[in-house]
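Go by the hints and put chain B onto chain A.
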Amino acid sequence: MASSDVARQPDKEARPLSLAGHVGFDSLPDQLVNKSICQGFCFNILCIGETGIGKSTLMDTLFNTNFENFESSHFEPQVKLRAQTYDLQETNVRLRLTVVNTVGFGDQMNKQDSYQPVVDYIDKQFESYLQEELKIKRSLHNYHDSRVHACLYFISPSGHSLKSLDLVTMKKLDSKVNIIPVIAKADAISKSELHKFKIKIMSELVSNGVQIYQFPQDDETVAKVNTTMNGILPFAVVGSTEEVLVGNKMVKARQYPWGVVQVENEQHCDFVKLREMLICVNMEDLREQTHSRHYELYRRCKLEEMGFKDTGPECKPVSLQQTYEAKRQEFLLELQRREDEMRQIFVQRVKEKEAELKEAERELQSRFEQLKRRHAEEKATLEEKKRLFEEDQSSFNKRKAATQLLQAQNMTANGKKDKDRKNSGFM
Amino acid sequence: MQTGELPPVSAAPRLPPRGRRLIKEKKMSQAEKMKQGQFTNPETPGYVGFANLPNQVHRKSVKKGFEFTLMVVGESGLGKSTLINSLFLTDLYPERVIPGAAEKIERTVQIEASTVEIEERGVKLRLTVVDTPGYGDAINSQDCFSTIISYIDDQFERYLHDESGLNRRHIVDNRVHCCFYFISPLGHGLKPLDVQFMKAIHNKVNVVPVIAKADTLTLRERERLKRRILDEIDEHGIKIYHLPDAESDEDEDFKEQTRILKASIPFGVVGSNQQIEAKGKKVRGRLYPWGVVEVENPEHNDFLKLRTMLITHMQDLQEVTQDLHYENFRSDRLKRGGRLSSHGYVLPLSPAKAPEPEEMDKDMILQEKEAELRRMQEMIAKMQAQMQKTGDE
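Those sequence lines, one after another, are chains A and B. Under the numbering used here, the first residue of the first sequence is numbered 2, with each subsequent residue one higher. Under the numbering used here, the first residue of the second sequence is numbered 3, with each subsequent residue one higher.
Excised from the complex, chain B in its bound form:
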């Protein structure tokens, strides 16, 4: 077992900042009520006990288990599979067949999702890694991404259908929470394919750009490339995932860590499947004639930062997917009309113009009906008046 390089888990688990805020509010309202003299001071015996809530949340979540879907996109040979194996310290791709150049010429993009259940100290994580072999391989990459985008939309669609269904006990969340986009370190920055792809998915998924095979670059070159990539991302208006700022009541370490993480985006990473003997201990790394690159050495590359970011902000990534991307998808989808079939797949939507006349018809029908009702009411009133008159006469 590897000694965990993750930040040590304290006795009380670290809550997401929002939970903390909740507790603070409760304390404030208590203070106010205290002024009114209606409730007892919590420090005196007889305290309420909701300080135990975090532990309950922790227990329930451990029982429920966590789900996370990670998508990796990048050209062949950039080390995506190796990085995933290094990140989760498992081997996700036992039998891999890498096609030769001749097969790549006409290759289309495929989606391969592999799900694994990994467990650490009683916490279960159901991790789905969606790989996209064939991306950027074909000699004409014009429609590389349609497969990928329709996969992402499909997952949203399925969730929407489950959410709107009658029986909502077992909603499986297969939506893509995060997408690592691998940028080649050999160029001067982003390529046209990179820009176009990121623009196509930045509204659907959290995009985290990653510089692959960072051991090709000296530290100076790496800084230059990072700055270049950030400039180009700004220039083209690509929305990548931004780490949330640390709350002001967090401790200094956490704030510092977040600051360092934010300053290192995009992360330059190196992955490895092998263990090398270096300085007397076994480390994951790459062995060269001129030295050993250690995967988990922060001076060599940003692998640890990437892992920290992924783990500490896994919850935030899921929340942003739920609150931002999924809601956008949902509102678009419902605005567009169309019906959800019983199988959960979209029936072919009528072209954009058709819903409008239908709606107009409906409006008109409604108005007509209302007008008819009013007329009938008037007639009834008139008849009543007449009856009264005849009655009087």
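So here's chain A without its partners, still in its complex pose:
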């Protein structure tokens, strides 16, 4: 994968040898090619742009097919991504193409977090690849690589400059993916305006430190073309799936009352250049860059986050396994320690609770004793009172009996006198 790094280093222990005849290992690249044709290729494109700016149409035009697309509404509450995978074939080369489109990008009122779903998606693909790589039993050659290889950023043809959303999003993505900016619906800009617009965009990108994808210039066969193309960035494209009769053949074009914009006419737009650069010449380089630059960066950040380092405490190289083992030990020790701690705390708590309960019991007991004593005291006083009362009662009864006797005697003596008085009263 990172073969290009290894290949060109002059190996000091190997001395160059000249051959006396034809050996035949010059067919090695062909073998490689045959193998990869058998395997099939895989390419993932991410299209970012406002709703209605022509992402799906451009994909249809680029790959000359009709991917099933449906119009999205402007009223999505949040930015989403929609990924669709297709299997294409041209002559004997098979391509598994995944097209990821943003839905609702640039429609919300508050676009501060619009870039987040895109960044999350890209990171997710990197993460799943990393997981696969770190597995014990892995099957990398069968793995369907879903990492985003190229990102086409669609710029609105305002003719002035980039939008604030464009700048913010591209800055967040330039270290994660190969960004290729394109000017969408370029048939809205006249030639003179286009030149100024392109210069303005590139200067804005440079002054804000956004790193877009540069076509590689180290391979002599394509260096010249690539250098020219680097100067034409961003490509001003027009997409169309409809065909119009021009001259005596049907071409992909857009029909206006004032003329016909031909998609594949280099005087009209840069579509052909985009197709050549993206697909014909640099597709493999895009994949390589994604793997060797963007993915490696992601991997490094992720592993550093997890605490792995390439060099140990004494600046000696430490292998991943050792670090991993050490981490595992640490982790288990930590677990043990925590468990012991918790057990101790538990025992302590139980003791405390027990002491409390005992204390409570004692208190209750003493109170019970107290109450009992008081009860006994009161009972004694009551008995005393009862006795006194009974004495009183008996003496009263005696007096009562004595008085009654006296009264009875008096009554018999005064009986007649009373009767007379009573009778006179009535008359």
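Certain hints may be false.
With a straight-line Cα cutoff of 25 Å, these simulated DSS-like cross-link-like pairs (lysine-lysine) come out [unchecked claim]:
id, chain 1, residue 1, chain 2, residue 2
1, B, K241, B, K201
2, A, K303, A, K172
3, A, K225, A, K274
4, B, K283, A, K192
5, A, K192, B, K284
6, A, K81, A, K172
7, B, K65, B, K126
8, B, K257, B, K307
9, A, K112, B, K201
10, B, K307, B, K126
11, A, K303, A, K328
12, A, K192, B, K281
Derived from the structure by calculation, the hints contain no laboratory data.
Just chain B now, kept in the frame of chain A:
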């Protein structure tokens, strides 16, 4: 001088339809009076001469001059300034600085009003174009419109103050008569920002939606977009400015023109600052490798329709602003209370609840006073009666 593409001005100027109606009524009442035999038949010598009224109106209005305020709102890069320059065939923005993307991130909306006096065949027009740079630029457009709405309200407020003042000789009418809202042709229809903004101002100003940079769309796409926009406007209940129907006594041409105009809303326009040589003559247009888009060609875009609408209905736009939007504002404003300070700006209004207890107090005070008056009257009556009684006795 460009050959005027405006509809030719006839010898007698075209009056707004309402003026015509007025004359008709007078004729009718004349016919009635004729029956009574009190007035002479106007065709016999000795006619009255008020048929000259239109000319007098024309003369006075030319002397007074016209005022019109047009507001343009839309995202950056949609061609608003170019369109204004094309509409009025002048250059309203000689030194323009367009900020880059980094400055736009936090940009707030500003209001820039530029006033020009243009004259054509003796008729003076004082045109104010209110531009809103920064609309939709910031990455968070939540409060894009508060500046714009407070500007519109301010103009209404100022007019209200002038109108209620003691010296009403020189009322300057800076109220916004019409607002062109530019819709991007790149989308499928209206965006949430468009919907929210139009809903916020449709009760304050006449909104005319315009599809900008219409040369991005083929004719079929344009029709589809127009229908889509009209559907969405209905769906969200946005009240845009409707052209008044032609009166039944207008001539056929005018009726046809109005019908065509009404069918083309929203207008898809293209503007241009440059003159291009095409088919042997110089036209305003845009030069592409595949052809030339002529701004004033009705087959290419609706620019002429927009201009016709603006010019023929300028008076109507002003009337609707005066009769509908201004009156709404005024009644709301006076209902809410608050006082107009001497500088013409609203003193901070007490919160909505406070005026009610004040009013209630006032009512109560009034009632109390009335009750007191009645009591006093009764007392007076009683005293009078007493006096009479003592008098009798």
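Going down the list of hints, with the structure as the test:
1. Of the supplied pair hints, the one linking K241 of chain B and K201 of chain B holds, its CA atoms being roughly 8 Å apart against a limit of 25 Å.
2. Using a Cα cut-off of 25 Å, the hinted pair K303 of chain A and K172 of chain A holds, with the two alpha carbons roughly 20 Å apart.
3. Between the alpha carbons of K225 of chain A and K274 of chain A the distance comes to roughly 14 Å, so the proposed pair stays at or under 25 Å and holds.
4. Between the alpha carbons of K283 of chain B and K192 of chain A the distance comes to roughly 21 Å, so the proposed pair stays at or under 25 Å and holds.
5. This hinted pair checks out: K192 of chain A and K284 of chain B have alpha carbons roughly 19 Å apart, not beyond 25 Å.
6. Simply put, K81 of chain A and K172 of chain A have alpha-carbon atoms about 19 Å apart, close enough for the 25 Å limit, and the pair holds.
7. The straight-line distance between the Cα atoms of K65 of chain B and K126 of chain B is roughly 8 Å, inside the 25 Å bound, and the hint therefore holds.
8. Taking the CA atoms of K257 of chain B and K307 of chain B, the gap is near 14 Å; set against the 25 Å cutoff, the hint holds.
9. Proximity of K112 of chain A to K201 of chain B is assessed by CA-CA distance (about 21 Å); at most 25 Å being required, the pair is judged to hold.
10. This hinted pair checks out: K307 of chain B and K126 of chain B have alpha carbons roughly 22 Å apart, not beyond 25 Å.
11. The suggested pairing of K303 of chain A with K328 of chain A holds, with an alpha-carbon distance near 16 Å, which does not exceed 25 Å.
12. About 20 Å separates the Cα atoms of K192 of chain A and K281 of chain B, which keeps this hinted pair within 25 Å; it holds.
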